[in-house]
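Student: Spelled out, the chains give:
Protein chains: 2
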Amino acid sequence: MNIIRIEAPDDPRTAAFRDIRERDLTGREGQFIAEGEVVLRQLVSAASRCRPAAVLLAENRLGGLADVLALSPPAMPVYVAPQAVLDGIAGFHLHRGILALGRKPDVAALPDVLAGLPRTALVVLACGIGNHDNIGGIFRNAAAFGADAVLLDRQCCDPFYRKAIRVSVGAVLRTPMVVGLDATAAVEALKAAGFAVLAMTPSAELTLDAVPPAARIAVVLGAEGPGLPADLIARCTPVGIRMSGGFDSLNVGTAGAIALHHFARRA
Amino acid sequence: MNIIRIEAPDDPRTAAFRDIRERDLTGREGQFIAEGEVVLRQLVSAASRCRPAAVLLAENRLGGLADVLALSPPAMPVYVAPQAVLDGIAGFHLHRGILALGRKPDVAALPDVLAGLPRTALVVLACGIGNHDNIGGIFRNAAAFGADAVLLDRQCCDPFYRKAIRVSVGAVLRTPMVVGLDATAAVEALKAAGFAVLAMTPSAELTLDAVPPAARIAVVLGAEGPGLPADLIARCTPVGIRMSGGFDSLNVGTAGAIALHHFARRA
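Protein chains in written order, with this note's numbering: chain C, 13 to 279; chain L, 13 to 279.
Treat the hints as calculated values from the structure; they're not laboratory data.
Heads up, a few of these hints could be off.
Note: identical chains are not told apart, hence a pair may lie in one copy or across any two.
With a cut-off of at most 25 Å between alpha-carbon atoms, the simulated DMTMM-like pairs for lysine to aspartate or glutamate come out as follows [stated by the list, open to error]:
no., residue 1, residue 2
1, Lys203, Glu71
2, Lys175, Asp260
3, Lys116, Asp260
4, Lys116, Asp160
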C-alpha cells in the first residue's frame, strides 16, 4: 500500500483535492471527487465502472479502511493527513474524513449502449433534472431495482457531481449511463430498439398497473414542477401513478422508484 | 386585507420572523415558520390543520399572492418589506421572498387518533428518523397516497421544522399526526386496534406482493443505516421490498412510498 503522509495543505501532491467546492462548479475533466466510506467502497468494488486514482484520508480513518484499500490498485497513492490539514486542503471541515479521486468511465454513445442491452431490459431516461439530489436518487433507485442503464438528456446536471454521487450511495459509479442526449432523439432510438417508452406524468389516465407487459421498458422522468414537455410526452405512452387525489405530488426520484419497482424483473 | 409596510429589520412587529435559522434550532412553542408559495398555499387551504398567524413578504411577491391572501383570516397581518429588509429580519437571503408564521394543531393522543380512523385505514409509524429531508418525504408520500395518519416516535425529529415542512411540500400541515410516541407501545396499540403492522426491513423474506390483504395497515419505517430495532421488528410482520440483489439500498422515504403505493386504497 502506497501510504504518503501529508503535513501541509499546500503539498502539491494533493492538488487534485484542493478547494473542492469551488472546483465542483467547474467540473473535472474525466475525473470526479467522491466522499465518505460507503461511496469509496462502491468505487473499489467489482461492480464499479470507475477506477480510483488516489484517496486522501484523515489519520483516524486509515485503520478502518484496510479492507477497502486492499481492493485498490497497489500503486494508488493513499494520502493521509491530520484532520486540520485535510480541512485546509478541501477548503471546509470534512467530517467524513474520506475523499477519493476517481476516473470516469469512457463516454458511451446511445446506439452502443442500446445494442448491448439484453432482450429483457429496463432503462431510465431522465430529462431536465437539474437537481443533484434528484439525479442521485434516480441512480440509487435504478441500481436498487436492477435497471440496465440510465440515460440523461443534456438538460440534466452532472451525475458525477460530488453530492449526486453521495446521494446515489455510489450507484452513479456502477450504473451504465449515457449523458448529454437530445431527449426526442433518445425516445425515438428507444422505440426503434423495441422499448415501450413510458412517460411518467401525473396527468396520464393510464396507471402503472394497467401498462401492458413488455420485455423492454423505458421509464421517462421529467423535472418536478415543469414536468416533461408535452411534445415529448406525445411521443411516448403517458403513465401515471395512482394517488389519493387531494395531494397529487411526488418527488421525481420517488415516482421513478415506484415505476422501477413495478417493472423490475421478478428474479 | 391587513397589509402593514415594514421599513426596518428591527421593527418589533416582525419579531416572530427574526433570526430564523437560530430559532429553528430551539423550536417555537405551538408555532412554526413556513416558507415559499407552495407551502403557504397548503397552509391556507381547506385541508390544512394549521392556521396562519402572520405572513411576511417581499414587496414583489404581494401581487402574485392575492388569491392566497384572500383565503387567510382578514385580520391576519400581511407584513410587506423591501427584499433587503426581509433578508435583515430573517438573517439570510430569503430568495423565495415568502414567510408565514403558523399555529400548530392541538396535540393529539394516539388512542384518540386511532379511535377516529375509518375501518379501512392506512397509517405510517416512523421510528428514529432524525433527518428532516426524510421526515418531510415521509409526510409528502403519506399525503400523496392518502394515508390517514403519520405516527412519530420520540426519536424522530420535529416535522414542523422549516425544512421538513418545505420538503413535504406542505403535507406536514394537513396530515393527522401523533408525535413523541414510544415505538413499542405504538406497535402494540396498532395491533390492538386491528392493524396489520408491517415493519419495512431489507432482511425480510416476505415481500410486499405477498402480504395478505388487510383492512387496516400500518407501515413501520426506521432510520437508514441502523434500521428498525430487532425487538420492534419481532413485534411486527417484517416485510421487504424486492430489489435487484446487487445493490439493496433505498432511501427510507422511497421505501415507504413504494409500500404506501402498494397498500393505498384503490379509489
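Student: Taking the hints in turn, state whether each one holds.
Tutor: Here is how each hint holds up against the structure:
1. Lys203 / Glu71: neither (52 Å within a copy, 49 Å between copies)
2. Lys175 / Asp260: Answer is between; shortest inter-copy Cα gap is 20 Å, intra-copy 28 Å.
3. Lys116 / Asp260: Between. Shortest inter-copy distance 23 Å satisfies the 25 Å Cα cut-off; intra-copy 38 Å does not.
4. Lys116 / Asp160: within (18 Å within a copy, 46 Å between copies)
The structure shown violates just one earlier hint, number 1.
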